[in-house]
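Chemist: Sequence:
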Amino acid sequence: MWTYYNPVKVIFGTGKLAKLGEILEENRMERALIVSDPFTHRSGAADRLKTYGAGRIVDIISEVEPNPTCENVDACAKRAREIGADSIIALGGGSAMDCGKSTAAAVAMNCTGMELLKGKSIEAALPIIAVPTTAGTGSEVGWGAVLSNHETNEKVAIFGVPTFPELAIVDPELTYTVPPAVTASTGLDVIAHSLDAMCSVRHNPVSDALAVKAARLAFENLETAYRNGQDEAAREHMAMASTIAGYGFSNTGTTGSHACSYLLTAKYGIPHGEACALTLDGWFVKAAEVRPELHKLAQEMGFADAGACAKRVTELKRLTGMRMTLSEMGVPDTEEAMEELINCAAASGNMANDVTGAAKEMIREIYVSRK
Numbered sequence: 464m465w466t467y468y469n470p471v472k473v474i475f476g477t478g479k480l481a482k483l484g485e486i487l488e489e490n491r492m493e494r495a496l497i498v499s500d501p502f503t504h505r506s507g508a509a510d511r512l513k514t515y516g517a518g519r520i521v522d523i524i525s526e527v528e529p530n531p532t533c534e535n536v537d538a539c540a541k542r543a544r545e546i547g548a549d550s551i552i553a554l555g556g557g558s559a560m561d562c563g564k565s566t567a568a569a570v571a572m573n574c575t576g577m578e579l580l581k582g583k584s585i586e587a588a589l590p591i592i593a594v595p596t597t598a599g600t601g602s603e604v605g606w607g608a609v610l611s612n613h614e615t616n617e618k619v620a621i622f623g624v625p626t627f628p629e630l631a632i633v634d635p636e637l638t639y640t641v642p643p644a645v646t647a648s649t650g651l652d653v654i655a656h657s658l659d660a661m662c663s664v665r666h667n668p669v670s671d672a673l674a675v676k677a678a679r680l681a682f683e684n685l686e687t688a689y690r691n692g693q694d695e696a697a698r699e700h701m702a703m704a705s706t707i708a709g710y711g712f713s714n715t716g717t718t719g720s721h722a723c724s725y726l727l728t729a730k731y732g733i734p735h736g737e738a739c740a741l742t743l744d745g746w747f748v749k750a751a752e753v754r755p756e757l758h759k760l761a762q763e764m765g766f767a768d769a770g771a772c773a774k775r776v777t778e779l780k781r782l783t784g785m786r787m788t789l790s791e792m793g794v795p796d797t798e799e800a801m802e803e804l805i806n807c808a809a810a811s812g813n814m815a816n817d818v819t820g821a822a823k824e825m826i827r828e829i830y831v832s833r834k
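Numbering (the numbering used here), first residue to last: 464 to 834.
No wet-lab data here; the hints were simulated from the structure.
Check the hints yourself; a few may be wrong.
[As the list claims (entries may be wrong)] Label-pair ranges, simulated between beta-carbon atoms:
{"no.": "1", "residue 1": "E798", "residue 2": "P470", "range": "14 to 24 Å"}
{"no.": "2", "residue 1": "E586", "residue 2": "E802", "range": "34 to 44 Å"}
{"no.": "3", "residue 1": "V624", "residue 2": "A815", "range": "32 to 42 Å"}
{"no.": "4", "residue 1": "E799", "residue 2": "G820", "range": "24 to 34 Å"}
{"no.": "5", "residue 1": "E493", "residue 2": "N691", "range": "39 to 49 Å"}
{"no.": "6", "residue 1": "T797", "residue 2": "E617", "range": "14 to 24 Å"}
{"no.": "7", "residue 1": "E798", "residue 2": "E493", "range": "56 to 66 Å"}
[Said to hold, decoys possible] Straight-line distance between alpha carbons at most 27 Å, and here's what the computed DSS-like set of lysine-lysine pairs gives:
{"no.": "8", "residue 1": "K581", "residue 2": "K541"}
{"no.": "9", "residue 1": "K472", "residue 2": "K676"}
{"no.": "10", "residue 1": "K759", "residue 2": "K676"}
{"no.": "11", "residue 1": "K541", "residue 2": "K479"}
Just so it is clear, the structure is predicted and the values come from calculations on it, not from any experiment.
Just so you know, even glycine gets a beta-carbon here, dropped at the ideal spot from N, CA and C.
Please model the complete structure; the sequences and the hints are all you need to start from.
Modeler: Structure follows, in structure tokens:
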């Protein structure tokens, strides 16, 4: 038995953002707040969106940090209440999406970011429009958000059906100016979402089909998009891959590579996609030992087997300049640091979702192979 559910409507295509005013009118959104990040605001994208909004976007808040905190959510929610916002437009990469969704819930439920991080059930949220500026997170079609508590090095995923965006507008044009390093990290995140979805205990025929399609698109286009950010076909295919992968893992969740990434991001400041990529190839090989069907899915992606797929992940990391070892990521070569990584990964719900069962010995083995 399996189920699949995703209510997000997607409008995909170059130049579609110009129709934002009409879209807001159709959805009866009169007082939208854009939640964004400093880079996206400096690029002019937020102001352009406000112009397209034809008077229906009241304000922009753009102080969202990478790996948004509870304080970020509280500041955005405060502003949303002050202007009487009836909707949230989350504009940017994963951090803006996470903060936008959390803000929408905090306003509707009159709660704080910390309450959400500590597990408060999400029963309501303002309507959300998601506008991604990177091809990576797939968050525009997901119901999850990740909040960080930098004091405790926590990264906590929160979920609630009300935080599914009502609408995602995916315009590949927004990704043309993304720097090569960010293109690489977010592109590898697309591959991680796809492969993790196949390695989930909740995989199903629909999620597998979506994940295979997304992974194949990403494997075929990431290197080109990295080397030439103005290649419109590669950028369009990567944007498409990101959204399709989002549809896949929105139902399965992520697995080993994401579990192993959280402390690398929270404590050592490694970008999310790069942190996931560190162990992704290792986890896919391990999962294929438990779920042999992964060899067939790898063939559908264009590889001989799961091992060949994993080798291509390794190759892409090297070609795009990603850090390949824990030492390169600044992790001390001590047993204390290793134990902290292992314990954090083992405690993650993502690891419990992995088909391998992922005992601590296996987690250690994969981390040690990346020293």
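Chemist: Are there hints from earlier that the structure breaks, and if so, what are their numbers?
Modeler: Numbers 1, 3, 11 - these are the hints that the structure violates, sorted from lowest upward.
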